[in-house]
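Number of protein chains: 2
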Amino acid sequence: MRVLIIGGGGFIGQKIAKALAKSGTLRGQAITHLELADIAAPPTVDAPFGVSHHAVDISDKAQCDALFQCNPDVVFHLAAIVSGQAEAEFDTGMRVNLFGTYNVFEAAKALGTKPVVVFSSSCAVYGGEIEEPILDWTHLNPQTSYGAQKAIGELLCTDYSRKGYIDGRAPRLPTITIRPGKANAAASSFMSSIFREPLQGQEAVCPVTPDYALWYLSPRKVVENLIKCAEIPAEKLGENRGFALPGRVGTIGEMVEAMRKVAGDEPVKRIKWEPDQRILDIVMGWRPHIEPTKALALGLTADDSFEDNVRYFLEDDIQVPAA
Amino acid sequence: MRVLIIGGGGFIGQKIAKALAKSGTLRGQAITHLELADIAAPPTVDAPFGVSHHAVDISDKAQCDALFQCNPDVVFHLAAIVSGQAEAEFDTGMRVNLFGTYNVFEAAKALGTKPVVVFSSSCAVYGGEIEEPILDWTHLNPQTSYGAQKAIGELLCTDYSRKGYIDGRAPRLPTITIRPGKANAAASSFMSSIFREPLQGQEAVCPVTPDYALWYLSPRKVVENLIKCAEIPAEKLGENRGFALPGRVGTIGEMVEAMRKVAGDEPVKRIKWEPDQRILDIVMGWRPHIEPTKALALGLTADDSFEDNVRYFLEDDIQVPAA
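Chains A and B, in that order, give the protein sequences. For reference, each letter of the first sequence is one residue, going 1 to 323 in the working numbering. For reference, each letter of the second sequence is one residue, going 1001 to 1323 in the working numbering.
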């Protein structure tokens, strides 16, 4: 069992790598080798099997094809230009998110072994003039270039699977919070930073009002779910390989109160409320009310409460202890 | 007003060219030049304005960019590898239908003039595990590579329009019947040939049973609707630029009886009923029950009866008089 993680330098990729290192198995088979690929060579991970590191630009077909010479049985394709950057730099987003993803599916197809490919789609595929709650068969109606590129990736994932070229799975990730590390160019970046920075003793700016609602999942749960996505038998997935992951809906205000319950008043005081129209223009197009019926039937799960997300962050990811 | 028709050698492209030559105007402005492009230089059309002819492979970015030096105000992008061929030759379908369409949108964007682009999508974007009737917000769930490529083209069309790069419109064409000319590699080819060939005195094979139902539109109406699609003001289209064109639902049996009413018993006797699993595998994934609410509100229209379609064929397109 050889596993390839594209986007293996990102925080989800690294957490999947560590989880696989801990379990040592995937799909009931011992892992013999792990390949971590990203635009820059990813940090290594201690593991009971060999780990290789690759600096690869998947938007370059030759580089992508060369990467697949490692002959993976399971591929996690997590690499993407995030929403804010894909909106600001249209060509970059198209090149990586559309053509890079196409190159990944083409390279997987060229193996001739029908590898399992877990492609991380996003709840950014929803939006605009659609009814809520969002069901498994709700029209994908993205309101950002990032969302359009993810929806296109899902269509390709399903068609390559239907043709028997790959065994694809395209779970739509909720907003992941509380993410570790630093703020990034994702329009959703604040949905972690307003908790992470205060819990780490720093101030953070919230660009939306407390009544803004989002569909979220913790890093711990998304890693658990993505690994489960690789393990689900193909026959249980049906024809359509894109589906929403389970998550919880909550307003920013409710989430802040959950943080207060776990960590007290001090972190809450470190949030500055300053609405930002550029962020609002993107995130107001997203939809929080999702019923992930298919994912629940497949055994995928959400967090029990946002208090849990705060606790997971304190257990797994906090980098600077609160003052 | 300069008009470019990509796929201008196809029968719909030629009919649009002739209709524009007759009216002399589009979007309320006099047409000054018409550019007809196709993989082979299209036949000329008599017109009161200049007509140029281009042999262009749109899957070649340089050729596509060069074509757009004609600086069109309105583009009809009708070129495609048809369903049966895109299913049999996956790489060819992806190259032309996905990357060719991307090249067209990119070349239109590069003009900087936000041209109107009418992209012919298809009712092949529907299928699989979806509810009927199909509404404007039904999930696009294609069951063929052709349908997936058209759905991707719609997502691009909407995103390029949202970004202000083009003013796109992506009407989903019903099955067009009765098409003139010869049978082609489209899985739907029989839906014209079983009427066209008998009306022209020849035998034809029907690969489905009489109870097979389809969503159809005549060539005359599709041309009228595509020209209307170019003329609809952008503000009436809303955010989402993909929508089903009006059509009629009928079974092959009902359509054959309509032909009998218009043309008598002899043509009906020339149909040979021979079910073909390869065709059935594709066309049984399509859906005939569509409610094109948005298109009807935009003033687009269907035929009044299949008898009309037979009459239109006899008036406009018959090439060999029936014996």
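Source of the hints: derived by calculation from the structure; they are not laboratory data. Here the structure is a predicted model, which means the values were calculated and not measured. Don't take every hint at face value.
Cut-off 20 Å, straight-line C-alpha distance, at most; resulting in silico cross-link-like pairs (EDC-like, lysine to aspartate or glutamate) [what the hints assert, rightly or not]:
{"id": "1", "chain 1": "A", "residue 1": "109", "chain 2": "B", "residue 2": "1203"}
{"id": "2", "chain 1": "B", "residue 1": "1163", "chain 2": "A", "residue 2": "281"}
{"id": "3", "chain 1": "B", "residue 1": "1163", "chain 2": "A", "residue 2": "89"}
{"id": "4", "chain 1": "A", "residue 1": "269", "chain 2": "B", "residue 2": "1203"}
{"id": "5", "chain 1": "B", "residue 1": "1261", "chain 2": "B", "residue 2": "1203"}
The hints, checked one at a time:
1. A:109 / B:1203: violated, 42 Å
2. B:1163 / A:281: holds, 13 Å
3. B:1163 / A:89: holds, 11 Å
4. A:269 / B:1203: Not OK: residue 269 of chain A and residue 1203 of chain B at ~82 Å, beyond 20 Å, violated.
5. B:1261 / B:1203: Holds - the C-alpha atoms of residue 1203 of chain B and residue 1261 of chain B are around 19 Å apart, at most 20 Å.
Violation of the numbered hints given earlier is confined to hints 1, 4; the remaining hints are satisfied by the structure.
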